Amino acid sequence: MSEIRALIVDDSSVMRKIVERALRQAGLDLEVVHEAGTGSEGLEQLKAHSVDLILSDINMPVMDGLEFLRQIRVQNLASGVPVIMITTESSEEHVKQAIQAGARGYIRKPFTAEQIKERVLPLVRAA
Amino acid sequence: MAVSLRESVQRVSDPRNLDASVEEVFRLMLGIECTCDPGSTIGDKESVTAVVGFGGLLSGACVLRMGARTAMKMVAKMTGMEFGEVDDTVKDGLGEICNMLAGAWKGKVPELSANCGLSIPAVISGRDYCLHVQAPEFQVHHVYRFDEESFEVTIVCDGLQ
Numbered sequence: 394m395s396e397i398r399a400l401i402v403d404d405s406s407v408m409r410k411i412v413e414r415a416l417r418q419a420g421l422d423l424e425v426v427h428e429a430g431t432g433s434e435g436l437e438q439l440k441a442h443s444v445d446l447i448l449s450d451i452n453m454p455v456m457d458g459l460e461f462l463r464q465i466r467v468q469n470l471a472s473g474v475p476v477i478m479i480t481t482e483s484s485e486e487h488v489k490q491a492i493q494a495g496a497r498g499y500i501r502k503p504f505t506a507e508q509i510k511e512r513v514l515p516l517v518r519a520a
Numbered sequence: 597m598a599v600s601l602r603e604s605v606q607r608v609s610d611p612r613n614l615d616a617s618v619e620e621v622f623r624l625m626l627g628i629e630c631t632c633d634p635g636s637t638i639g640d641k642e643s644v645t646a647v648v649g650f651g652g653l654l655s656g657a658c659v660l661r662m663g664a665r666t667a668m669k670m671v672a673k674m675t676g677m678e679f680g681e682v683d684d685t686v687k688d689g690l691g692e693i694c695n696m697l698a699g700a701w702k703g704k705v706p707e708l709s710a711n712c713g714l715s716i717p718a719v720i721s722g723r724d725y726c727l728h729v730q731a732p733e734f735q736v737h738h739v740y741r742f743d744e745e746s747f748e749v750t751i752v753c754d755g756l757q
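Heads up: the protein sequence lines correspond to chains A and B, in order. Per the numbering used here, the first sequence runs over residues 394 to 520. Per the numbering used here, the second sequence runs over residues 597 to 757.
Watch out, some of these pointers could steer you wrong.
Unchecked claim - DEER-style ranges, computed between Cβ atoms:
(1) A/ASN469 to B/THR637: 54 to 64 Å
(2) B/ASP754 to A/ILE492: 27 to 37 Å
(3) B/SER604 to A/GLN508: 27 to 37 Å
(4) B/ARG665 to A/SER406: 19 to 29 Å
(5) B/GLN606 to A/GLU424: 44 to 54 Å
(6) A/ILE492 to B/ASP684: 31 to 41 Å
(7) A/GLN468 to B/GLU744: 50 to 60 Å
(8) B/HIS728 to A/GLU424: 45 to 55 Å
As the list claims (entries may be wrong) - Negatives, chain A to chain B, calculated, CB over 10 Å:
(9) MET456
(10) VAL467
(11) PRO475
No lab work stands behind these hints: they were computed from the structure. Predicted, not measured: the structure shown is a model, and the values here were computed from it. Glycine residues also receive a C-beta, built at the ideal position from the N, C-alpha and C atoms.
The shape of chain A in the complex, shown without the other chains (with noise of 0.2 Å):
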């Protein structure tokens, strides 16, 4: 697999150097990774780089995760590339917004680097 490039938004700075953690132990080969704290700075990382992976959480201020993933789309940024929803939000009314609003998958946190390996590497290598 070549090398990736990844954006991570979550307005936790720990929680973000965790994910990519994550990221690499799940045996992603990470060339970079862009940092956001909300929506509207993920947005302003899109419009600067090019990435072939999102994660991004849910409840964060100023633009949620929901309205990020929207304003992708809306502003037509990133066509085609894998949006991870990394959330402790877990009901099925979430995954579902977070479907139809253009997540490709969903981790609930806590997670294990298992499951990030599951459920990101089928994504990457598919895209």
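Based on these hints, arrange chain B on the given structure of chain A.
Chain B in isolation, oriented as in the chain A frame:
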């Protein structure tokens, strides 16, 4: 049909839900086993408290409290970093642990999972402060231990629809 939990206070306040949530979050994200220890207290005068609010079907908060040394050790376990003070990274990490505890706890009750939102975490640190909630509907409070460290987790419910 509107969802209601008014008749289910016992199910929502089941203390086993809190224990299971703490066990899950600490095992998966920190790689440590915690034990519930009712006899323990938070000895450190300098303490740190993370709070995540609940809104919707249930209003209230999940409160995670510990001494400064325990806070640094807890976030060190989660991040692999070392800390000499309760800095912004430690506070950020504690907020995230509290967020996961709140999410795991509400996930134990299907009605709450879908109909109760979480606030952005807030973290308070200092000496000799207390958190007071006026006449809660119910409160679940447990003290847990890992290594030689103790921490408290409290679920405060001040309204249930």
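For each hint, the structure was consulted:
Judged by the Cβ atoms, the range 54 to 64 Å given for A/ASN469 and B/THR637 holds: they are separated by roughly 57 Å. Hint check: B/ASP754 to A/ILE492, Cβ distance near 34 Å, so the stated range 27 to 37 Å holds. Checked against the hint of 27 to 37 Å, the C-beta distance between B/SER604 and A/GLN508 comes to roughly 30 Å, which is consistent with it. Under the hint 19 to 29 Å, the C-beta atoms of B/ARG665 and A/SER406, about 22 Å apart, fit the expected range.
Our hint of 44 to 54 Å for B/GLN606 and A/GLU424 holds, since their Cβ atoms are close to 53 Å apart. Evaluation of the 31 to 41 Å hint for A/ILE492 and B/ASP684 yields a pass: the beta carbon distance comes to about 34 Å. About 52 Å separates the C-beta atoms of A/GLN468 and B/GLU744, a value consistent with the hinted range of 50 to 60 Å. Between B/HIS728 and A/GLU424 the CB atoms are about 51 Å apart, so this pair conforms to the stated range of 45 to 55 Å.
Against the 10 Å criterion, A/MET456 stays outside the reach of chain B, whose nearest CB is about 13 Å from its own CB. The claim that A/VAL467 is not at the interface with chain B holds, since no C-beta of that chain comes within 10 Å of its own (minimum 24 Å). For A/PRO475, the non-interface assignment is confirmed: its Cβ lies about 23 Å from the closest Cβ of chain B, beyond the 10 Å cut-off.
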